[in-house]
Amino acid sequence: MKIHEYQAKEIFAAHGIPVPQGEVAENVADAVAIAEKYGRPVMVKSQVHVGGRGKAGGVQYAENVEAVRVWAQKIIGMDIKGLRVNKVLITEAVDIVTEAYVGIIIDRSTKAAVIMVSAAGGIDIEEVAAKTPEKIHKLAVDPIHGLRAYQARDLASKLYRDMNLIRQAADIIMKLYKVFWAVDASLVEINPLITTPDGKVLAIDAKLNVDDNALYRHKNIAAMRDLDAEEPSEVMAREGDLSFVKLNGNIGCIVNGAGLAMATMDLVKHYGGEPANFLDIGGSSNPQKVLTAMRIILGDPNVRAILINIFGGITRCDDVANGIVMAYEELKPEVPIVVRLTGTNEKEALKILKKINLESGETLDQVVKKAIALSEAENQIAGGAA
Amino acid sequence: MSIIIDKKTKVIVQGITGRDGSFHADQMKKYGTDVVGGVTPGKGGQKVNGIPIFNTMAEAVAATKANTSVIYVPPAYAIDAIYEAADAGVKLIVCITEGVPANDMMPVYHYLKHKGVRLIGPNCPGLISPDKSKVGIMPGTIVKSGPIGVVSRSGTLTYEAIWALTCAGLGQTTCIGIGGDQIIGTNFIDTLAMFEADPATKAVVMIGEIGGSDEEEAAKFIKKSMTKPVVGFIAGRTAPPGKRMGHAGAIISGGSGTAEEKVKAFGAAGIPVAASPTEIPRLIKEVLAAKKKKAVKTPSKTRAAGKKSPAKAKAKPKPKPKPGKTAKKKSR
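Chain order of the listed sequences is B and D.
Sequential numbering of the first sequence, starting at 10, is according to my numbering.
Sequential numbering of the second sequence, starting at 435, is according to my numbering.
Chain B extracted, bound-state conformation (with noise of 0.2 Å):
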């Protein structure tokens, strides 16, 4: 789960993360009265979990309220990479000397945290190591022993010389890993992580992504959920249990597991259609969760087909046919749908799809195909009427 970079910012400031001051708002007049108390220059910075807000405009200096109110107005609303801006957060600036980089990732090779540090900060981290990958230093923490103040001292000189500075970066990477366990982070970046005209470390930017698998213990983090941040049927599919993306295409997918998910989409693809979502109805067969299922999909206007691939193990075809005919009588859907199950509790499956005249087809790359075809007949249909 990604959160703000304003709620981001109060966990590293409990840490005794040096942040500047800083508070959100929603509206023109919050952010003006916000800039008024503080009574010097501001950044009204838009919270949106995107990359790349500064390149869109998202992040502008005001130095008086007059320039704050002019920026909230334009920005709150603005749309960036596909998402609405709802927030801003009004922030002290500072004078910036040196900008540098520091992030905690997951990796998957070292089974580790590894620490990310690299003097070039302030821009795309990734295209720091994708050009010049020597710039980026790393380290592995062992995760049984944890990290050791020389290590952090070690990573701190890579960015500066000043001993002064090495100290207070050194302290601010030991309790940026804190923050990363404290929370069960699967990503935690300062960028950039600047120096002051009077000698001083400051993290101005602050990214936090958080473990979904480990949202249980973090209450509080879990309630930082922006659900104005996120695509509607992909918060409907939350709350219904069910693993969901979003796409642009236009047959509709619910399969029985994530790879064979990807697999299908993949397939539809591969012959020419286009996919109008990754869904995983998960591995137990719940009728119910086949119902929301096809909620959401119909809901997508773009939909002209549904396809249901469906690879009984634990999951029981028989109860995903019923949740298939419980959609129907309840949502009467226009848009054809092909359906292939097979595995445990096949047979009584198809003779459940019988009642509403659906087959179940064989393979899974003949269903791919029929519904790509009845898919095209309908965008024909579609095209017609408009």
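There could be a bad hint or two in this list.
Covered stretches of chain B, as calculated for chain D (at least 3 residues, CB under 8 Å) [said to hold, decoys possible]: (1) 70 to 81; (2) 85 to 99; (3) 115 to 129; (4) 219 to 226; (5) 285 to 292; (6) 353 to 364.
Source of the hints: derived by calculation from the structure; they are not laboratory data.
Built from N, CA and C at the ideal position, the CB exists for glycine as well.
Keeping the supplied structure of chain B fixed, place chain D upon it in accordance with the hints.
Relative to chain B, chain D alone:
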């Protein structure tokens, strides 16, 4: 032959009184797995489907001489279950549980490594050696014994591939799901090395997906250290970046971990990649036929040394059983 599990595998089911645990304990037993006991704290002394329950792993292992544990407990308790199994002395732990926090897995991984215990998963369907043993949740009805090894990060997609193989008359030595999480106990290379060393395995199907670089590492390993042909499949070619596709580990982050990179790495290692799971049996038959042809053409002394570089093979002739052993050594 098979890898990791066989007739000697004696299994304790952790979380045996739960819904999934009791169902799959029964399924495993029916398949012929030697399920010797189960553990649920507070329910020791009872029985589930004739399987004795113990309060602790230590008691269960002492009483049954089990060498394997399979875990079906909820995510909040899975980490503790893994530690308990390792400390009780089993040498193989299969963790089916989905939803284990990745940060918890990091210290466990290093602890098990130090103890010399093999972990498979978490978030995996387990494994099956047809007609011998199944540990986990894979349906026993879709497998058949034969010469193909299957390794995958997925569950149902693996079933799809296995079923396609079985329908085409291609049986399996062992099918193993290594799990869809970021931090897993056994990776592709570990498994490939074991298949390489297993005399009964003649070819391997490797099913990868987006996220991480385990497939790329495996491709390098295959090129360098495997004599047996491998056929690949990669799920997630249509996955958008930055979105978690069901599995915790299936995410393209910072532009890396894409299906494209993985397919490219397979290509560079000479591994044919199927566009659809149904295409896998045909590719397997092709690589097996190609290998046979090569074996007929090349003098027997050199045939085992390397399928892709005959020049190298000539330089270092080796008797047939050795490459397996060498590969195994390298992997350690």
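These are the hints, each one checked on the structure:
no.: 1; hint: 70 to 81; result: violated (count 0)
no.: 2; hint: 85 to 99; result: violated (count 0)
no.: 3; hint: 115 to 129; result: holds (count 6)
no.: 4; hint: 219 to 226; result: holds (count 6)
no.: 5; hint: 285 to 292; result: holds (count 3)
no.: 6; hint: 353 to 364; result: violated (count 1)
In this structure, the hints that do not hold are numbers 1, 2, 6, in rising order.
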